[in-house]
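Given the coordinates of chain H, assemble chain A onto it according to the supplied hints.
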Amino acid sequence: MRIPPRYTHRAAIAVLGAATLLTVAVLVFIIVFVLNKGLPVLSLSFLFTNPQDMGRAGGILPTLVGTLALPLLAIVIATPLGVGTAVFLTEYTQESATTMAIRFGTDCLAGIPSIIFGLFGYIFFVTTLRMGWSILSGGLTLAFMILPTIIRTSEEAIRAVPASYREVSFSLGATRWQTVRKVVLPNALPGIVTGVMLGIGRSIGETAAVIFTAGASLRMPHSIFDSVRTMSVHFYILAREGISSQNAYGTAAALIISVLAVNLAAYWLMNRYLARRS
Amino acid sequence: MAAKISIQDLTVNFEGRPLIDDITLELPANRILGIIGPASSGKTTFLRALNRMNELTPGFTAAGQVLLDGQDIYHPDYDVVALRKKVGMVFALPVPLPLSIYENVVYGPKLQGRHKNSLDRLVEESLKAAFLWDEVKDRLHSSALRLSGGQQQRLCLARTLALGPEVILLDEPCSGLDPISTAKIEEALTLLKDRYTIILVTNNTKQAARVADDTAFFLMGRLVEHGPTERLFTAPRDRRTGDYITGRFG
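Top line first, the protein sequences correspond to chains H and A.
Numbering of the first sequence is given in the working numbering, commencing with residue 3 and proceeding in unit increments.
Numbering of the second sequence is given in the working numbering, commencing with residue 273 and proceeding in unit increments.
These aren't lab readings, by the way, just hints derived from the structure by calculation.
One thing to keep in mind: the hints can contain errors.
Unchecked claim - Partial list, computed: chain H residues near chain A (C-beta under 7 Å):
id	residue
1	T95
2	T100
3	A165
4	V170
5	G175
6	T177
To be verified - The following label-pair restraints were derived from C-beta to C-beta distances:
id	chain 1	residue 1	chain 2	residue 2	range
7	A	V353	H	L24	51 to 59 Å
8	H	T22	A	T329	41 to 49 Å
9	H	R178	A	E396	45 to 53 Å
10	H	M272	A	G421	35 to 43 Å
11	H	T177	A	R411	29 to 37 Å
12	H	E158	A	R509	48 to 56 Å
13	A	A274	H	F90	50 to 58 Å
14	H	T177	A	H347	58 to 66 Å
15	H	Y269	A	G421	49 to 57 Å
16	A	D406	H	V30	53 to 61 Å
17	A	R509	H	T177	38 to 46 Å
We put the beta carbon where it would ideally sit given N, CA and C, even for glycine.
Okay, chain H solo, but in the shape it has when bound (with noise of 0.2 Å):
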């Protein structure tokens, strides 16, 4: 029995539409419950002050100096090393079996679980190296968590720059290095800056990784050679101890509001950019 296209295009309709529906309300009703719970706490004194009492008491301060200065560790040095491998990958070599190589081995080690790379952090930066928990144990390791997003992404967008641009370049006297500068990283700028949000939001969400190579510390971080604790970490440690669920449902408002003010600001410079170009 065939049943008629006007049905299957409505019920197609109702799925589509009901799947849409479902994921909207999940990721509203998670945010709206956390921000429920954890605005009422928010308030500059809670951003801007030192935690008493284990975090029973007090601000967050020191674990908001940990969330900015972990993801900025990270990105400063993975999105250079990544963008880079792209260029490469893409501009300067061949397919081959070796470039094939390169790529299954990112896409693998995308795919670790964090808590993997908080180990080989742990062993490699905080005891080998002896870095000890500090921000820069933290941010080497995130910096390798995302490093083959930031690959991955920047690939994709710089093989999306049309081949005419490059034939033009070279055609106009540009080396390789001058048409890579001057026409494929400005043309790829909007997908390896996506790469790199994506790179930004998973470190700032990050734990595991981070309570073995940045350890846990409140006290405020003097250099990165200091042990810190983000609010991820703290937020777990406030609601895993039961020290104090407000507390902890108000660090992760904080925690929502900046990663949706970092995405945010992302968006406004991207369009700002693109703007300026067309």
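Same frame as chain H, but now just chain A:
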């Protein structure tokens, strides 16, 4: 007079298959050579062999000699960047870079470190020579992507002229253009041959008859016939040339 470009036994292979087969041709300076021939007769490959664009695609190999002012451009020591500055190219489809009109014209000169002060004049001269200046002089800094197809192709010509080339290669530059834009480009080319050596690949035999001083007929990677345009069109020596020109060719 010595030839500007002298091509000797040029063969271009793609993955072992010849696209251009043993072509020998002498091009004097300050003339327009029209290259005609049916699809996949090797016209574009031939053109791209003259500024070594073929080698950007893996799988291409070239044998034989191409002498520009007596120097072999395929010699390992020959500077390919300098070659492409001397031998400019306009592609079949207009491809303005996603930059302003002004930035498109100065793209090449800027890469060579040309001083900023002289760029304004260069932009004006190049756009005038490409018959585009009057249409864009008030919006030089708006995006080149907003120009019409015909304007874009003239911009591509201006961009090539701004390099200060000696030879200009044009690969079916009017294939997607309306008759008025085509006429403007043809008019520009006729004036430009005083300063440049021009090679024009075209699918439109009438265009070759209108603008080319000499015409070459390519067929399946081989040069069938080459001579002054008028002679080639009125008294072709090879039957195949005559058949193609009169449209009897399948």
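Hint by hint, here is what the structure shows:
Given hint, T95 of chain H at the interface with chain A, is violated; its Cβ is 11 Å from that chain's nearest Cβ, farther than 7 Å. The interface hint given for T100 of chain H is violated, since its Cβ lies 15 Å from the closest Cβ of chain A, which is over the 7 Å cut-off. Interface restraint check: A165 of chain H against chain A, minimum CB-CB distance 9 Å, threshold 7 Å, status violated. Annotation: interface hint on V170 of chain H holds; nearest CB of chain A at approximately 5 Å, less than 7 Å.
With a least beta-carbon distance of about 4 Å to chain A, the hint placing G175 of chain H at the interface is held under the 7 Å criterion. For the restraint placing T177 of chain H at the interface with chain A, the shortest Cβ-Cβ distance is roughly 6 Å, inside the 7 Å limit, so the hint holds. A C-beta distance of roughly 57 Å is found between V353 of chain A and L24 of chain H, which places it inside the suggested range of 51 to 59 Å. Take T22 of chain H and T329 of chain A: their Cβ atoms lie about 43 Å apart, and the range 41 to 49 Å holds.
At about 31 Å, the beta-carbon gap between R178 of chain H and E396 of chain A misses the expected band of 45 to 53 Å. As the Cβ distance of M272 of chain H to G421 of chain A is approximately 29 Å, the hint placing it in 35 to 43 Å is violated. Between T177 of chain H and R411 of chain A, the C-beta spacing of about 31 Å keeps the proposed range 29 to 37 Å intact. One distance hint, 48 to 56 Å for the beta-carbon pair E158 of chain H and R509 of chain A, holds here, with the actual separation near 54 Å.
Between A274 of chain A and F90 of chain H, the C-beta spacing of about 44 Å breaks the proposed range 50 to 58 Å. One distance hint, 58 to 66 Å for the beta-carbon pair T177 of chain H and H347 of chain A, is violated here, with the actual separation near 19 Å. Between Y269 of chain H and G421 of chain A, the C-beta spacing of about 33 Å breaks the proposed range 49 to 57 Å. Checked against the hint of 53 to 61 Å, the pair D406 of chain A and V30 of chain H passes, with Cβ atoms roughly 57 Å apart.
Hint check: R509 of chain A to T177 of chain H, Cβ distance near 44 Å, so the stated range 38 to 46 Å holds.
Hints 1, 2, 3, 9, 10, 13, 14 and 15, counting from the list given before, are not met by this structure.
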